[in-house]
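So the sequence lines, in the order shown, correspond to chains W and S. Under our numbering, the letters of the first sequence match residues 1315 to 1624, in that order. Under our numbering, the letters of the second sequence match residues 5 to 197, in that order.
Simulated from the structure, these hints should not be mistaken for laboratory data. Glycine residues also receive a C-beta, built at the ideal position from the N, C-alpha and C atoms. Errors might be hidden in some of the hints.
To spell it out: a stretch of chain S is covered by chain W in this simulated footprint if at least three of its residues, at any positions, have a beta carbon under 8 Å from a beta carbon of chain W; those stretches are [stated by the list, open to error]:
1. 63–72
2. 75–81
Straight-line Cα separation of at most 25 Å, SDA-like style, residue types lysine to any residue; simulated pairs [said to hold, decoys possible]:
3. S:Lys145 <-> W:His1354
4. S:Lys129 <-> W:Pro1374
5. W:Lys1582 <-> W:Lys1612
Computed beta-carbon distance windows for the label pairs [as the list claims (entries may be wrong)]:
6. W:Leu1352 <-> S:Lys168: 36 to 44 Å
7. S:Ser78 <-> W:Ala1404: 31 to 39 Å
8. S:Arg81 <-> W:Ala1479: 34 to 42 Å
9. W:Pro1381 <-> S:Ser78: 19 to 27 Å
10. S:Gln146 <-> W:His1438: 29 to 37 Å
11. W:Glu1454 <-> S:Arg81: 43 to 51 Å
12. W:Arg1472 <-> S:Arg126: 44 to 52 Å
13. W:Trp1419 <-> S:Gln146: 29 to 37 Å
14. S:Lys168 <-> W:His1442: 36 to 44 Å
15. S:Phe34 <-> W:Leu1348: 57 to 65 Å
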Amino acid sequence: MNFLGGWKRHLRLTVISAVLVLVTVGCWILAVQLSRTLVHASFEDRSVAYVQAFASSAVPWIQPLQPTMLRSAAQFMLVGSAQYVQVVVAGSIVVDERSEGRLDWSLPLLNPMTGSDGFARPSHESEHVLDIATPLGSVEGYVRMGIDTSSARVQVSRIALWAGALAIGADLLLLGLLWWLFGLRATLRRQDLETAATRTAGNVRIGELCIDADQKRVTYRGEAVRLTPKQYTLIEFFGRSPDQVFSDQEIVAEVWQDSLYADSKDVKQYVYLLRQRLGAIHPNGKRMIETVPGFGYKLVSQLVDQELTD
Amino acid sequence: MKRMKRAFVFCLALSVLTSPLIAQEEERTFEHRLVAFTNQLRMGLTLATVATHSPTLRDLQLHAQQLVNLLEGSEGRHFSRPAGSENVPIEGMANAIQEWNDRFAEADIAPPLRSTLSMSARNVKTYLELALDAALASLQKQRLDLASGDMLRAYAFLLAAYEKPCDTNYIPALWTILRAFEVSEATETSADE
Chain W
1315 MNFLGGWKRH LRLTVISAVL VLVTVGCWIL AVQLSRTLVH ASFEDRSVAY
1365 VQAFASSAVP WIQPLQPTML RSAAQFMLVG SAQYVQVVVA GSIVVDERSE
1415 GRLDWSLPLL NPMTGSDGFA RPSHESEHVL DIATPLGSVE GYVRMGIDTS
1465 SARVQVSRIA LWAGALAIGA DLLLLGLLWW LFGLRATLRR QDLETAATRT
1515 AGNVRIGELC IDADQKRVTY RGEAVRLTPK QYTLIEFFGR SPDQVFSDQE
1565 IVAEVWQDSL YADSKDVKQY VYLLRQRLGA IHPNGKRMIE TVPGFGYKLV
1615 SQLVDQELTD
Chain S
5 MKRMKRAFVF CLALSVLTSP LIAQEEERTF EHRLVAFTNQ LRMGLTLATV
55 ATHSPTLRDL QLHAQQLVNL LEGSEGRHFS RPAGSENVPI EGMANAIQEW
105 NDRFAEADIA PPLRSTLSMS ARNVKTYLEL ALDAALASLQ KQRLDLASGD
155 MLRAYAFLLA AYEKPCDTNY IPALWTILRA FEVSEATETS ADE
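With the sequences and hints as input, model every part of the structure.
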């Protein structure tokens, strides 16, 4: 039965862990998708603004036409993400500068654009290049530029990596906490069961000190401790709650239930006698019943356990 | 002796005849350089504009470095030659404007105009230095928004150096010099000149 209970507990724990891992993986995928959307949207916005900035700067070199300056400006653009720069005025190409590897790309002339036209879309040649066209405004024509999106992809990968590391960390932490809590719960349950088992058998065992309620007998390391009925009642009372401090009144109320005249003097006397009996079987036996000044007495379980190693 | 005297007179006459031509040529060269400088400044403005809107920090810093190169020239402390470019010396705009300032001080120009021109040249130089500081600051930044702010600052200083006339009071700079020499800015030259 115990084995079955443990197996069930482990199964439950495994299922909870698996659900937790699945939820984390789901959150990670969601975060990556969200960041991908946001990063690409932001990148596209900035890229369009970048091309528009170039277009606005190019207009003064178009009216009157200064192709050398326009070409120089276009060449300045090709150092970074820009893959090609094409300036078309009145249906004819004025500037067509391209970075290496893009020379054979086809960039057919577009229809005449008005102020509200323009586009940003993946290039026909490569989906990793954003093809952006923007009208020149006061001049009939447009600027077309290809922006490499690899930096946005790198940024998304970096976010995914960080989010993954965070998710794994959170998972490990939560799973560790979960397993620890389950372990703690199991330990507490086991202890409860053990205590309950001891109590139901009518015996109290504290280290080597054994109080047999059925036989009204106390043994220490298997050796019988000779006690009067009242002394036995007293140690049995202490043994029920080791390390708990009881006041004289509590002891009287429990041990001298049938006596109207018992008081703290009796408690003191019987504790003394009990200590003598315990001291007779072990040198430290007298210290098993400890006086807590101002409060009362208690049975020291640790001391009883320590005796084992003496 | 007679032959020597004739030769001397010929040389004297030649020098008298050619001197206005030389002065005219110098003047033409000066105007040509002024236009080239103006175009350089406009190119600087273009770089600052596109840098401000760059989609990535790397793009922004590449354009910022291009601007630094343009302002400082190949002799500059922060000059960085782009990979694969020819090892041609580039005159920095800051040096050019300093040279003009010296020339205005020595030139035979009426004092009020000379004063205006010197002041304009000084202002242009100061604006260019401020723009250079801003561009250099952007190179140190690790965040796109902060670097973009620096390049916006560089743009503002370059625009002030360019000095497009406005309705309100404004500080004289390049536009005043161009007007003084009646030079049109829209003349074709290369930005590298």
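The hints, checked one at a time:
1. 63–72: holds (count 4)
2. 75–81: n = 0 at 8 Å, threshold three: violated.
3. S:Lys145 <-> W:His1354: 22 Å, holds
4. S:Lys129 <-> W:Pro1374: 24 Å, holds
5. W:Lys1582 <-> W:Lys1612: This hinted pair holds, its Cα atoms lying about 13 Å apart.
6. W:Leu1352 <-> S:Lys168: 36 to 44 Å: 38 Å, holds
7. S:Ser78 <-> W:Ala1404: 31 to 39 Å: 38 Å, holds
8. S:Arg81 <-> W:Ala1479: 34 to 42 Å: Holds, at about 41 Å.
9. W:Pro1381 <-> S:Ser78: 19 to 27 Å: Distance hint for proline 1381 (chain W), serine 78 (chain S) holds at roughly 25 Å.
10. S:Gln146 <-> W:His1438: 29 to 37 Å: Given a distance of about 35 Å, which is inside 29 to 37 Å, the answer is holds.
11. W:Glu1454 <-> S:Arg81: 43 to 51 Å: 45 Å, holds
12. W:Arg1472 <-> S:Arg126: 44 to 52 Å: 47 Å, holds
13. W:Trp1419 <-> S:Gln146: 29 to 37 Å: Check passed, 33 Å falls within 29 to 37 Å.
14. S:Lys168 <-> W:His1442: 36 to 44 Å: 40 Å, holds
15. S:Phe34 <-> W:Leu1348: 57 to 65 Å: 60 Å, holds
The structure fails hint 2 only (numbered hints given earlier).
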